[in-house]
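Residue numbers (the working numbering), protein chains in the order written: chain A, 3 to 339; chain B, 3 to 339; chain C, 3 to 339.
Simulated from the structure, these hints should not be mistaken for lab results.
Built from N, CA and C at the ideal position, the CB exists for glycine as well.
Don't take each hint at face value.
[As the list claims (entries may be wrong)] Computed footprint of chain A on chain B, listed as stretches where at least three residues anywhere in the stretch have a Cβ under 8 Å from a Cβ of chain A:
| # | segment |
| --- | --- |
| 1 | 59-70 |
| 2 | 215-225 |
| 3 | 271-278 |
| 4 | 296-304 |
| 5 | 328-336 |
[Unchecked claim] Dumping the calculated DSSO-like pairs for lysine-lysine here, alpha-carbon to alpha-carbon at most 30 Å:
| # | chain 1 | residue 1 | chain 2 | residue 2 |
| --- | --- | --- | --- | --- |
| 6 | C | 118 | C | 157 |
| 7 | A | 326 | B | 23 |
| 8 | B | 250 | A | 88 |
| 9 | B | 326 | C | 334 |
| 10 | B | 39 | C | 181 |
| 11 | A | 118 | B | 37 |
| 12 | A | 326 | B | 326 |
| 13 | C | 23 | A | 39 |
| 14 | C | 30 | A | 334 |
[Stated by the list, open to error] Below, a sample of chain B positions facing chain C; criterion: calculated Cβ distance under 8 Å:
| # | residue |
| --- | --- |
| 15 | 3 |
| 16 | 4 |
| 17 | 6 |
| 18 | 7 |
| 19 | 8 |
| 20 | 46 |
| 21 | 48 |
| 22 | 76 |
| 23 | 80 |
| 24 | 91 |
| 25 | 97 |
| 26 | 102 |
| 27 | 121 |
| 28 | 124 |
| 29 | 126 |
Here's the letter readout for the chains.
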Amino acid sequence: MDFSGNHILSIDQFDRSDIEKLFSVADKLEPFASKEKITRVLEGAILGNMFFEPSTRTRISFGASFNLLGGNVREITEVGSSSLAKGESLADTAQVLSGYSDIIVLRHPENGSVQKFAEASRVPVINAGDGSNEHPSQALLDLYTIQKELSQNKKNLDNLRIALVGDLKYGRAVHSLCKILSKYSNVKMDLVSPEELQLPEDLLNQLTDARVSVNQTENLEEGISEVDIIYVTRVQEERFNNKEDANKYRGLLSLNQSIYTANCEPNTVIMHPLPRDSRSDANELDRDLYANPNLAIFRQADNGVVIRMAMFALVLGVEGKIEKTAKPVNWKVGLSS
Amino acid sequence: MDFSGNHILSIDQFDRSDIEKLFSVADKLEPFASKEKITRVLEGAILGNMFFEPSTRTRISFGASFNLLGGNVREITEVGSSSLAKGESLADTAQVLSGYSDIIVLRHPENGSVQKFAEASRVPVINAGDGSNEHPSQALLDLYTIQKELSQNKKNLDNLRIALVGDLKYGRAVHSLCKILSKYSNVKMDLVSPEELQLPEDLLNQLTDARVSVNQTENLEEGISEVDIIYVTRVQEERFNNKEDANKYRGLLSLNQSIYTANCEPNTVIMHPLPRDSRSDANELDRDLYANPNLAIFRQADNGVVIRMAMFALVLGVEGKIEKTAKPVNWKVGLSS
Amino acid sequence: MDFSGNHILSIDQFDRSDIEKLFSVADKLEPFASKEKITRVLEGAILGNMFFEPSTRTRISFGASFNLLGGNVREITEVGSSSLAKGESLADTAQVLSGYSDIIVLRHPENGSVQKFAEASRVPVINAGDGSNEHPSQALLDLYTIQKELSQNKKNLDNLRIALVGDLKYGRAVHSLCKILSKYSNVKMDLVSPEELQLPEDLLNQLTDARVSVNQTENLEEGISEVDIIYVTRVQEERFNNKEDANKYRGLLSLNQSIYTANCEPNTVIMHPLPRDSRSDANELDRDLYANPNLAIFRQADNGVVIRMAMFALVLGVEGKIEKTAKPVNWKVGLSS
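Here chain A stands alone, though its shape is the one from the complex:
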């Protein structure tokens, strides 16, 4: 895959070598994200950060990533776009907005809408989520996190053992992660969910076709023993026809330190796409896990920044120019101890 000048719409565009290329650029961008140095390589470039559905953290993560490369950000956060309300087609919106930006990040509530938008756009488009369809940067940052966490324990993505826990029926992040993990060898997957919230049939078939070894269970303790990664998700209330149906499942699969200690291997890493539901009746990940060094959920969110920086750098073809433009940081970074 040639990233330069191309859209990123789906995780299906990526083969293993594309992923490796992206991750190696992300690695090089790490010192810029952690403010050891700065770059202005995208000085003069404009990101159109277009969110036709609210998603604060994804929006800020993309915007900050672009700023870290030196570019400016123009944003839409209006849910009901006035122009669409006046009968404008998505193609017209794309034509016009692509005249204001060098690259567009688009979040839209309708499945397939980002693809349609990209077809009319005159600049590259990155899909930041189109309905329940795709959200490639989330899958890529999850995979990047898994790889980084595993490498601490001298393991890698081949031979991965992972438990996916929670609402596997509606969780878009989980679906994309399944697709991307299918590209690796000898993956073993425990799918832990209530029966009604199991992974959709077609995805299950995709996994078995790709020779992923799958075990479905409703039992958390069983699912999380003998895995490298536990990936927990929230019940996607907003996708249920009525909230009471969702409430039946809240709190069924809560992980805390004592369950972890009793069932997990010592270095098992805990992930979550966030936001996690911390209300007492859900409590997906108990607060006593805060002290667990294997709780990787905030490292995972941080990785979103380098992954998105890498996507921008590759699509805009500047990945080779960043090091040359590096400058020192003027300010005190972080908190005084």
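Dock chains B and C against chain A, hints included.
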């Protein structure tokens, strides 16, 4: 007119030499808008992009234009401003906000409000639309588009033949365009609208006073033959007392390729201030016109960027410094083919 | 107090030497705020400007201040944050958002929330108002304004005579100002309010403990004679259980030029935290005061910019590097006369 340090509130401020000056600066800014080079001439300057009424594309167009000159943008997109709700006068709001910006772009729902705001502001104010009153940047980008498109055919603004089609009663863009075209000689205008949506009487008188040759008709075919430009507008539903009244007129004046071929001269240019209504019952400009090279509607939107850049450059007095500050572009521009 | 790498959550953190340090940095930043020169000292830094409650002018003031130091701004203006709505804890929000920014400005409707957020944040947090609790930058800009205005008359903060006028019960700005003035010697304070809107008992005790000389009155003429500063506030309607209760007090304490002339010393300075209620039934400060050179309300708002710049500069430890990075301004500043 001396642009430097002055407000731009109304199209009436501009005589022909002002327009020529603005357009010549816009021409010089073209390579910066199309990313052949970048400038940071407004590095350190802040635009207060204040939208007290939603208008996504106008807001993004002004913001992107300021970014392209190197400046930062602070924005208000709240429709019901909390301070105004607490009884603050527009003059106080202007005094305070002008302490945060070097220049202010203001959109406001009330006629005359931008003028009132400007009187109290300590920095230049550009009117981005005050109710049904004025929207000078729209009129200027329309005129710039007409001139550029005509120059391809070795024609110019004097001796222009133009058809204005659609809701001529409520369309603010059309009203401003009429005013500005009155400044040119030997203009011939076909006003094509349902009888109830004709151009207001006072504007009609202004045109005849300026010796514009006017022909009013309800017949699209008649109106669009023998013109250089067809300027189509949407029925301004939101200005009707009830939507059903508006619906009577939707779809009455739809242009498509076969009507165009049968009635227009070969190089007749099609314009629209956008958004255009593409719902099947309106279909102002049919999708089969996409293939027509004379469909200028997206070039017209693009021209908004250079015109707004030129307004900023002239009002902030940097139009002579841009070339000197030019730098190369680091990134790959546009899409891979 | 060591500013560098630390949160600014409460006015109680500041002793007199901290205030002097902040004000001396603010003085040095004045030429940058008034565009005699520019600095890019925070180039590459990102402010997370997080407003979980609307406050347009405070948000724009913080954002513009950061831009004036050369940094980028990412913003949240959504009142109902989607993540919080999905059951995310404030600590999780802090962990995630602090991965996207170098410093965070937080406004939140709940008392104590900013403190809680700061405990989990990995970057410094500045409190921009947490419910009725604290709003330190407002108190500091008020104090800075008092000092600057007094210095014109060869006076200083010790021996200050001030009248606080209006809703002293609910006005957060007034409460913080009382706290900060307690740090100075020989302060004389007239508290002018309807009996029901008097300063809360605990604050009154704090003032007398700090040997502030306090006089409570309902009579405006009496309160404003023999003072250096009149500080007027708006009735905080939104804090009353029902609006009609608030309406009883609107317009009771209106200052105009003839009351001023009849009762005040010649150089008495008029301040207001803004927005002021200019509706005819409130009219806290009459429009005939516009011509009074001692009306300092817009200078006060302007001072917010240098105070916030100074907060950023000190917390990020760049206050010593600003002068070295100074560059000339390219554009025409302000309006043509």
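Residue hint residue 102(B), partner chain C, criterion CB-CB below 8 Å: At 4 Å from the nearest chain C Cβ, residue 102(B) passes the 8 Å test, so the hint holds.
Hint consistency between residue 30(C) and residue 334(A) [alpha-carbon to alpha-carbon, up to 30 Å]: Holds, because 20 Å separates the two Cα atoms, which is no more than 30 Å.
Chain C contact restraint for residue 124(B) - C-beta distance below 8 Å: 6 Å, holds
Coverage criterion applied to the segment 271-278 of chain B (partner chain A; beta-carbon cut 8 Å; 3 residues): holds (count 3)
Stated coverage of the segment 59-70 of chain B by chain A [criterion: 3+ residues, CB within 8 Å]: It holds: at least three residues are needed, and the segment 59-70 of chain B offers 7 whose Cβ sits within less than 8 Å of chain A.
Given pair status - residue 326(B), residue 326(A), alpha carbons within 30 Å: 24 Å, holds
Residue 250(B) paired with residue 88(A) [C-alpha distance capped at 30 Å]: Holds, at about 16 Å.
Chain C contact restraint on residue 80(B) - CB to CB distance below 8 Å: Hint holds; residue 80(B) Cβ to chain C Cβ min 6 Å, cut 8 Å.
Coverage of the segment 328-336 of chain B by chain A, judged on three or more residues with CB within 8 Å: holds (count 7)
Agreement of hint residue 126(B) with chain C interface, Cβ distance less than 8 Å: 6 Å, holds
Given pair status - residue 157(C), residue 118(C), alpha carbons within 30 Å: Distance ~40 Å between residue 118(C) and residue 157(C) Cα, so the pair is violated.
Restraint status (C-alpha distance of residue 118(A) to residue 37(B) at most 30 Å): 25 Å, holds
Taken one by one, the earlier hints fail for this structure at numbers 2, 6, 7, 10, 15, 27, listed in ascending order.
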